[in-house]
Amino acid sequence: MHLPPAITKQPEINAAVSDVVRLLAPDVVHIRYDIGQDWSGDWAIFFRVLLSDEASKTRLREVATQVVWRLAERLDFASMGLFPYHNFRSVSEQAALREETWA
Amino acid sequence: MSFPDDLLEQAYDLANKEPTNPKQASLRRAVSTAYYALFHLLIDEAVGKWSVQRQRSILARTFEHGKMKGICDDVLKIVKSGGTIPPELNTVASNFIQLQQHRYTADYDNSKQWSRTDVLNVLSLAKDAFTAWRAISSEDVAQDYLLQLFLPKLSRQ
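Those sequence lines, one after another, are chains A and Z. Counting in the numbering used here, the first sequence runs from 1293 upward without gaps. Counting in the numbering used here, the second sequence runs from 8 upward without gaps.
The set of hints was computed from the structure by calculation and includes no laboratory data. Just so you know, these numbers come straight off a predicted model, no measurement behind them. Some clues are possibly wrong.
[Claimed, not checked] Below 20 Å or equal to it, Euclidean Cα-Cα: the simulated EDC-like pairs (lysine to aspartate or glutamate) are:
1) K119/Z - E1392/A
2) K84/Z - D1334/A
3) K134/Z - D20/Z
4) K1349/A - D135/Z
5) K119/Z - E1391/A
6) K76/Z - D20/Z
7) K84/Z - E1391/A
[As the list claims (entries may be wrong)] Stretch by stretch, here's where chain Z covers chain A in the computed footprint (C-beta under 8 Å, at least three residues):
8) 1324-1332
9) 1351-1363
10) 1376-1382
[Claimed, not checked] Derived Cβ-Cβ restraints for the label pairs, each shown as a range:
11) T91/Z - A1364/A: 39 to 47 Å
12) T69/Z - A1317/A: 25 to 33 Å
13) T69/Z - A1307/A: 43 to 51 Å
14) T1357/A - Q31/Z: 51 to 59 Å
Every residue gets a Cβ at the ideal spot worked out from N, C-alpha and C, and that includes glycine.
Make the full structure from the sequences, and use the hints.
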């Protein structure tokens, strides 16, 4: 089974994610991710971005764009053989939905 | 308003249908509708070039989701390698791929719980793609992109 080069780059990805969270706090609370295949079978990285309630309600597009750009600045997804997808959720939404993968 | 614009408006209506505790059904349909809004925007633009109006709906049915993703991937690769692609076309291609995946998840993955924040962000991808497309739709590079979406994939010589 073919695996993307990113499988060996998780420390680099973790460092970039931590950096972006630090930079965009308190709007960004944390970022989780998984590497897997998208609907077409291509390799992808799926980011789950937890936002503060205020950022989610008043500056969603602005903060979401910042997250996408800051991650792309630090990680060369194309050379890792990945396409990045992003999902966003607020703290209060996560408190209601209580999904472990977002915790 | 055009059909794609109506779909995008409907996506927003669905996303905001329940003021509190949005139903997963409303959120999922909003995501799926947003993807199809962009899908139909591009298809309508492409088949609108065909002069025999009664044949346009037949042509519209020949577009394939996977093929369209591949063409969008090609656009992003050109940008990555330093090729000259307008940023608006980059936005259309990138957001199309994002929307396609979100639509697939919304339609088929019942384990995924959607939040309104997530859905509103997905809808803004579609809205931004509409704006970007309309800013460049008359340019040659945009017309060539439409042709690629429609043509069978040709091997490089």
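Starting from the hint list further up, note which numbers the structure goes against and sort them upward.
6, 7, 11, 12, 14
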